[in-house]
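**Student:** We have chain A already, so just place chain B on it with the hints.
Each chain, letter by letter, is given below.
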Amino acid sequence: MAFEPGPHTLAIDGSSLPDRQLIGGKAWSIARMRALGLSVPPAFVVTARACTAYLESGALPPGLEDELARGIEWLEAASDCRFGGGERPLLVSVRSGAAISMPGMMDTVLNLGITDATETALAGVSGDAAFARDTHRRFLDLYARIVLKAVIPDLDEHAAPADWRQLIEDAGGAPVPTDPRAQLRAAVQAVFESWNSRRARRYRQHHCIPDTLGTAVTVQAMVFGNLDDKSGTGVLFSRNPLTGEPTPYGEYLARAQGEDVVSGRYTPQPLSALGAQMPAVHTELLAAAATLERENGDVQDIEFTVQAGRLFLLQTRSAKRAPAAAVRFAVDMVSEGRIDETTALSRVTAEQVRTLLSPRLAVGAAAAADCVAKGEAACQGVGVGIVVTNTDEAERRALAGEAIVLARATTSPDDVHGMIACRAVVTEQGGTTSHAAVVSRALGVACVVGCGEGSVTALEGRLVTVDGASGCLYAGELPVVAPDENAEPSLAALIRWAEARAPLTVLADGGEDVLDLAGVDGGEDIERLPALIAGHGCVRGGAIASDGGVRAALAAGVRSIVATPRLPVLLAALEAVRATP
Amino acid sequence: MNDMHLALHGVAIKKHAAPAVVADAVGLSAERAGSLLTEATAGGRLAEAQGGYVLTPAGRMILDNQYSRFYGELRADQAFVSAHDRFERVNVELKQVITDWQTLEVGGQQVRNDHSNREYDADVLDRLGAVHERFEPLLAQLIRGLPRLAVYRHKLERALEEAERGQIQWVSDAKLESYHTVWFEMHEDLLRVLGRVRDE
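As they're listed, the protein sequences go chains A and B. 0 is the number of the first residue of the first sequence in numbering that gives the first Met the number 0; add one for each residue after it. 0 is the number of the first residue of the second sequence in numbering that gives the first Met the number 0; add one for each residue after it.
Pulled out of the complex, with its shape left as it was, chain B reads as follows:
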């Protein structure tokens, strides 16, 4: 593993983000990430606009080719791979919970959940918490294989706690690190690390 790979990986997960955000996602210091991103931009791997970074086509190709090299050992780690496979099953449940959070069935039709029915919302939030608790031992297993994944535990817990506190935008708002945003970034991270392809 090297820091440059981590920095590029961070940009792949956190598009258009400032150095501090990329640093936070992959566990680098903000200064280190800042200098790596500047260096990669000079080398044509990244492009910078308004303080945020994106991969250039060349940078993307280089990054995609690095994963098998840096994560070969992890890909052979049975405990890690099996935890990931179980994660994929929890993922199906999680996506259903989030969908039920956003839409609800009324007389056989799916309509947008406008969050006017507190009882319904409380029920879905309860299910989200239950999925989270089932996922915790798997996440612990994944973190044993790849310690930097611990950042997701922290972010998922924060989102869940905010949502339970009544800040319901923390469930699935796409513009903040809501439960769904973090979950998907984690999923994307795992897919890249393991060289898998998203199926939908």
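Isolated chain A (complex conformation):
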């Protein structure tokens, strides 16, 4: 039985796996890692029951304050640090955690426990006064925005804590308590209140989640990756998330905190750097990754910190993956006996396979070609056409059947119609968040942005090939190839497994008696498909091979679809079956 400071709190000490409803998903994941014998920073939880009590009475339940104090004492003992004083300061993170994650819940407050006194102590322990000061600033910034809900300007890095506190008080009307225990209490209360934020309530309503469940609060000791030369922080994928190769893949940044990695200010090193410096930690990390992958049955993305030579796992979750990796993970894990074929099929989406099979420049084609403009790659894909700079003209000619590349200084909502009709969109100004980039991605049109003033509009009238993957515009028409789903063994395996389970057949070639939606009015419009395909056993063309088209086909009792490639249609059909309750 886990150590319980009181009826409303629970220490995560690995001795048992508490009820997920009670402690929330995040704490449950920490508890599970500890139960597996992995090294995780110590944490305790204020349970969802305390939240329910708070929401009913409008006040923190009696005794909770004492329990928080005992929870903190437990963290102090487990981490050998002191909260709010001492030579080695204990700082904690405070995060919300409902059993079901939902929008509108309070964001995490980090570095709680830092005060003028502990800042000095942290400066001493880390030998880095600037880091200690910056930790103080980041805490005040988060506390002001998240707990006090004050709208504050960025805190000047060169000012002192007293100035920051004054600025926050002026902006928000409330002072930041100087006692870290009062800060903790306020943060816990703010998490409870976020349960009733407008967005959270709306979300629960839509998803039929009872309002009475409440959220737990996880209070966890912070660890520092910048304490000394044997400290650092990194990310580890249990397999390569780009290629899918079954070898761990990661990055490590010595003497750094997680936010340094995210900020992009420093270039992380490959994981081998950690192996060279601290082989035992490296071995422990790889073993932990293998354990977590095996236990969770999927490739993991693990955040970790090394503090003074000791490994701590901060978070693990199913890894985000590129399409090629999604396919390889699924097929490899079946051959390793870790998952079954049905699970493997659920791990690869139709969209991922469409991306893998989408046309690209033939190997070597770019090397021999003349790159006439270069910018930032904003949306993958290859578009070949005549450059037109006037949007209305581009749209008119494209609709008349010409292949057109729209080139603009920038785009605005005025240009969307032209963008829809074109093979590619290129701009001179703006980056990957610009209007042109966002709209092209939404449309799935190849796009290159920020090629520089006068660069692409000067190409008016020329035939170009736009490579949205590399950000290059080439003179003339370059050869384009589409990968073959049957030639790739892992895709062929997925096709075999999917065919055995799919609720309809997918044919590369149609026989007799096929309804061809190509050229049928409304055949591209998913809303109109049900009426058009009713009563037909076999359909091809139009929007039938899209995810929505496949759903419509299943609903209409269509027995077979004629399309190439076949795998996306098969996967869409399996997904449609899974989504039907």
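No wet-lab data here; the hints were simulated from the structure. One should not assume that every hint holds.
[Said to hold, decoys possible] Computed Cβ-Cβ distance ranges for the label pairs, DEER-style: (1) B:G43 to A:R558: 25 to 31 Å; (2) B:A139 to A:R558: 52 to 58 Å; (3) A:S271 to B:A78: 56 to 62 Å; (4) A:N195 to B:A78: 44 to 50 Å; (5) A:S271 to B:Q140: 34 to 40 Å; (6) B:Q140 to A:E72: 55 to 61 Å; (7) A:T246 to B:R133: 30 to 36 Å; (8) A:E511 to B:K174: 34 to 40 Å; (9) B:Q108 to A:P174: 26 to 32 Å; (10) B:K174 to A:R461: 26 to 32 Å.
[To be verified] To spell it out: a stretch of chain B is covered by chain A in this simulated footprint if at least three of its residues, at any positions, have a beta carbon under 8 Å from a beta carbon of chain A; those stretches are: (11) 28 to 42; (12) 69 to 75; (13) 102 to 110; (14) 166 to 178; (15) 186 to 198.
Beta carbons are placed, not taken as given, at the ideal position from N, Cα and C, and that holds for glycine.
**Tutor:** Coordinates of chain B only, in the frame set by chain A:
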């Protein structure tokens, strides 16, 4: 302000749209917008094709010259201008959220978000909601200066609610009034009203 200006402005924001859509964008009745659009077409300011309207080069020039006349007072309104300047900062955040919705980083590379990772999507949607909430007081300030902007509040809320309900195309689909579509139309509207130029 006159209705003809509003109708032309509506066509600038809502290209190729039917009268009812233009009317909805600028707060005219559908009948009034219909007759104004017909009149402007007869006068050579608009061209009509398949029930939708676009500005002719002449119409565009006339419209562009009208803004400073009709919005001179608003351009001098400090509260409005300052709300707009703060909006531009939120705009940078919003564009990043939308970009993160469409692409994600895998092992240091940007790849298309195929929406197979529910946790990632939920996280980005949560951030979109947070940006929206930060923007609400600014939008209220803008609406105080120019009441017709209230239409954007309604459309943004609808898009956000649809997206949160699981209809994820309402985040950035370019072919419907998704959050991003409405946000950009609002941005374009504000730039025209204030006589500013889009920087990307």
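**Student:** When the structure is checked against the list of hints, which entries are broken? Sort them ascending.
**Tutor:** Of the numbered hints, 1, 4, 5, 6, 7, 9, 11, 12 do not hold.
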